[in-house]
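Residue numbers (my numbering), protein chains in the order written: chain A, 2 to 178; chain B, 6 to 266.
Possibly wrong hints are sitting among the right ones.
As the list claims (entries may be wrong) - Sample of chain A residues lacking proximity to chain B, with all beta carbon distances greater than 12 Å (derived): (1) Pro44; (2) Pro94; (3) Asp95; (4) Asn105; (5) Ala112; (6) Ser113.
Unchecked claim - Incomplete in silico selection of chain B near chain A, CB under 10 Å: (7) Glu95; (8) Thr105; (9) Gly225; (10) Ala246.
The hints are simulated quantities; they were obtained by calculation from the structure and are not laboratory data. If you're wondering where the values come from, they're calculated on a predicted model, not measured in any experiment. For every residue, glycine included, the Cβ atom is placed at its ideal position computed from N, Cα and C.
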Amino acid sequence: MNRLQWTVVIIAAALLGGAWTWLSRAPEGLSDVASPVAGRPAPDFTLQTVDGEAVTLSDLRGQVVVLNFWATWCPPCRAEMPALQEVYDARRPDGLMVLAIDQNEPADLVASFRDELDLTFPLLLDPGYFVSDRYRIGLLPTTFFIDRGGVIRDVVLGGPMHRALIESKVAPLLESR
Amino acid sequence: MLPTLTIGSLTLPVAPLLTIASFWVGLWVAARAGKRLGIDEDVIFNAGFYGAVAGLIGARVWYVIEYWSFYRDRPGDIFALNFNTLAPLEGILTGLVVATIYLQRKRVPGASLLDALAPGLAAFAAGLSLANLAAGAAYGEPADLPWAIELWDARRHPTQIYDFVLTLGIWLVTWRIVVGSGDPTPTGRPGRAFAAFLALLSAARLFSEGFRGDSAALDGGWRLMQLLWLAVLLASLVALAWLDTRPRNVPEPREAEGMND
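Next comes chain A alone, as it looks inside the complex (with noise of 0.2 Å):
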């Protein structure tokens, strides 16, 4: 092609990339739909502990939020317990709150494995993979970083996770206000 014939090609690409562009602009709302990916509002859910108290996500906005999903069954789940009570004691002063939802086992076999390891942040019951599913839970244990917006900043995949990586991701979160 001559150089006419590529300034043409050019200034046509320049308008039709344009108009798309222009064309296929975000509808108002498109960042604001609740889906369990980094980036997006982490879908609302209540869910009862194992005392039978009543926790809702929604309601602890303003909290920096870890959200693990386990099971007592699962070996890399227990291991990063200790690590995160740990980390939850250190920064719970900050803003800090860590959910720890388990996959569809009874309360009393979940009480117990709390007693074991004195944990104090909330163990929540998920029976029927009610939450499991809506968060799309293929691994345990699965962890989301959630900020004070409610929304999921980070998702580590498996475990154990060991108390520096874990206080490497909500370190960022909890210092912005």
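Position chain B against the provided structure of chain A, taking the given hints into account.
Structure of chain B alone, referenced to chain A:
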């Protein structure tokens, strides 16, 4: 969507595995293309391998440096391998620097190398689209279409499949350019395949981004990535025009005659 794959008692995250597999497929394609352009296949494989290893180490080191206050008291955690404790951008930069140093030491011509990388990068991009599909990432807007897919509680544009099909096409086109211009002599036009790759990829992404349901949007709904891809498209078309219209480096007849003497 297939975030994990369970084989017996083993559960594997699919997206990271597809990403790694795509990297090696892309490297293999680039090595084959390099051979057509007169570049030793082993040099490209070695550059990819050294770059990958250096990138992994660099990503880990940068992450530890960034969060040193947490690792200082727990040095054992530094060696607790986890893909979530990597600094991806710093890792990619480290890998690129190491691969570039290796290729410079091997005296590989830059423009021909970029041409060899073009179909490889397209193959890598096609694999990444599948990884996004497996992870449910880079998803589309809700759509009531016969080919829409069910994802995140809605039927949506299968943007990952759009990207996969388009990048497969780019792979074929750039491969054809490499095969057609496999001429390492000074009369060739090195750099064309890479410029064409950039132009086609940016045009494809400009198109598919318009259907995305997870775009970062500016005021007025303008999608940030579309504006960036449009800029890349125009720049790469200017580069293609320059490569196509500049005078060829052909010896003058008198010089050629003299060379024959």
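* Asked: Of the hints stated earlier, which fail here?
  -> 1, 7 and 8
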